[in-house]
Amino acid sequence: MAKSVVVIPARYASTRLPRKLLLNETGKPLIQYTYESALRAALPENVSVACDHEEIFEAVKSFGGTVYMTNPEAKNGTERIAEVAEKLTDTDIIVNVQGDEPELSGEAIDLVIQMLMDNPAAVMSTLCTPIRNRQQLEDPACVKVVFDKNGKALYFSRSVIPHPRNGIKDEMFSQQPPLFYQHIGMYAYKRDFLLSVSKLPQSDNEVAESLEQLRVLHHGYSIMVGVIEEPAFGIDTPEDYRRFVEMHQRLRKDF
Numbered sequence: 669m670a671k672s673v674v675v676i677p678a679r680y681a682s683t684r685l686p687r688k689l690l691l692n693e694t695g696k697p698l699i700q701y702t703y704e705s706a707l708r709a710a711l712p713e714n715v716s717v718a719c720d721h722e723e724i725f726e727a728v729k730s731f732g733g734t735v736y737m738t739n740p741e742a743k744n745g746t747e748r749i750a751e752v753a754e755k756l757t758d759t760d761i762i763v764n765v766q767g768d769e770p771e772l773s774g775e776a777i778d779l780v781i782q783m784l785m786d787n788p789a790a791v792m793s794t795l796c797t798p799i800r801n802r803q804q805l806e807d808p809a810c811v812k813v814v815f816d817k818n819g820k821a822l823y824f825s826r827s828v829i830p831h832p833r834n835g836i837k838d839e840m841f842s843q844q845p846p847l848f849y850q851h852i853g854m855y856a857y858k859r860d861f862l863l864s865v866s867k868l869p870q871s872d873n874e875v876a877e878s879l880e881q882l883r884v885l886h887h888g889y890s891i892m893v894g895v896i897e898e899p900a901f902g903i904d905t906p907e908d909y910r911r912f913v914e915m916h917q918r919l920r921k922d923f
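Okay, so the sequence shown: first residue is 669 according to this note's numbering, each after it adds one.
To be clear, the hints were calculated from the coordinates, so they are not data collected in a lab. Keep in mind that this is a model prediction, so the values were computed, not measured. Some hints here could point you the wrong way.
[Stated by the list, open to error] Capping the alpha-carbon separation at 25 Å, the derived lysine-lysine pairs in DSS-like fashion look like this:
id : residue 1 : residue 2
1  : 867       : 755
2  : 837       : 817
3  : 837       : 743
4  : 671       : 755
5  : 820       : 671
6  : 837       : 867
7  : 755       : 858
8  : 867       : 817
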């Protein structure tokens, strides 16, 4: 069986929510929630953090996590986890779990790994979840994905895809199977491909949409897409974090 691991890229700077991975109004830093969520997955052999700042490094150490210091000049999370992947010579599959996605389930992580194990021709896998309202569909910050009958990605876009020729109807949001899907930014990579993907030339589509996964499709590689019903819950703004804190306060009261 292929050996898999989770690596969480953790960037200190954040434009909309400064130092967000270290916010700890609930009693522990946000990065710890993501780390503990990843530990619930059954398939990965271990979980680690790839960080770019001493504060994050020390925070992860303080709760007993495994952490690597990586180049602060890395352009994105892919480059950051690739730096760690170079050290993991006995690993086959590496999962990139975003540090600001603390509510992703262990089952979701297992799914992206299993898809790569079941599809030897694919070099990457990722997730999506149904879109159930117009505001979300039309928001450019919500990345959409379409895929074929075998679950292979056809395209990712900030625009509405598929684009209904005769207009968007309310009933489209409740149809089964769903018509619209939001991409969730968690990826599993075959290790060898991860080490080479940053060397691929950018495509015009990638630059236009500002979506680096389009580089992979442009160069003819396959990305498998798995569907989960749980909503995407990334923390990007102060409002997102406030909702997260309120949710945990409610949970504590229930117990």
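Evaluated hints:
1. Simply put, residue 867 and residue 755 have alpha-carbon atoms about 18 Å apart, close enough for the 25 Å limit, and the pair holds.
2. A hinted pair counts as satisfied when its Cα atoms are at most 25 Å apart, and residue 837 with residue 817 qualifies at roughly 24 Å.
3. Pair hint residue 837 plus residue 743 does not hold up; C-alpha atoms about 40 Å apart against a cutoff of 25 Å.
4. Taken as a hint, the residue 671 and residue 755 pair is honoured in the structure, with Cα atoms around 14 Å apart against an allowance of 25 Å.
5. Proximity of residue 820 to residue 671 is assessed by CA-CA distance (about 23 Å); at most 25 Å being required, the pair is judged to hold.
6. With a C-alpha separation of about 42 Å, the suggested pairing of residue 837 with residue 867 is violated against the 25 Å cut-off.
7. Our distance criterion of 25 Å between C-alpha atoms is met by residue 755 and residue 858, whose separation comes to about 14 Å.
8. As the CA atoms of residue 867 and residue 817 are separated by approximately 30 Å, the hinted pair breaks the 25 Å bound.
Going through the hint list in order, the structure does not satisfy hints 3, 6 and 8.
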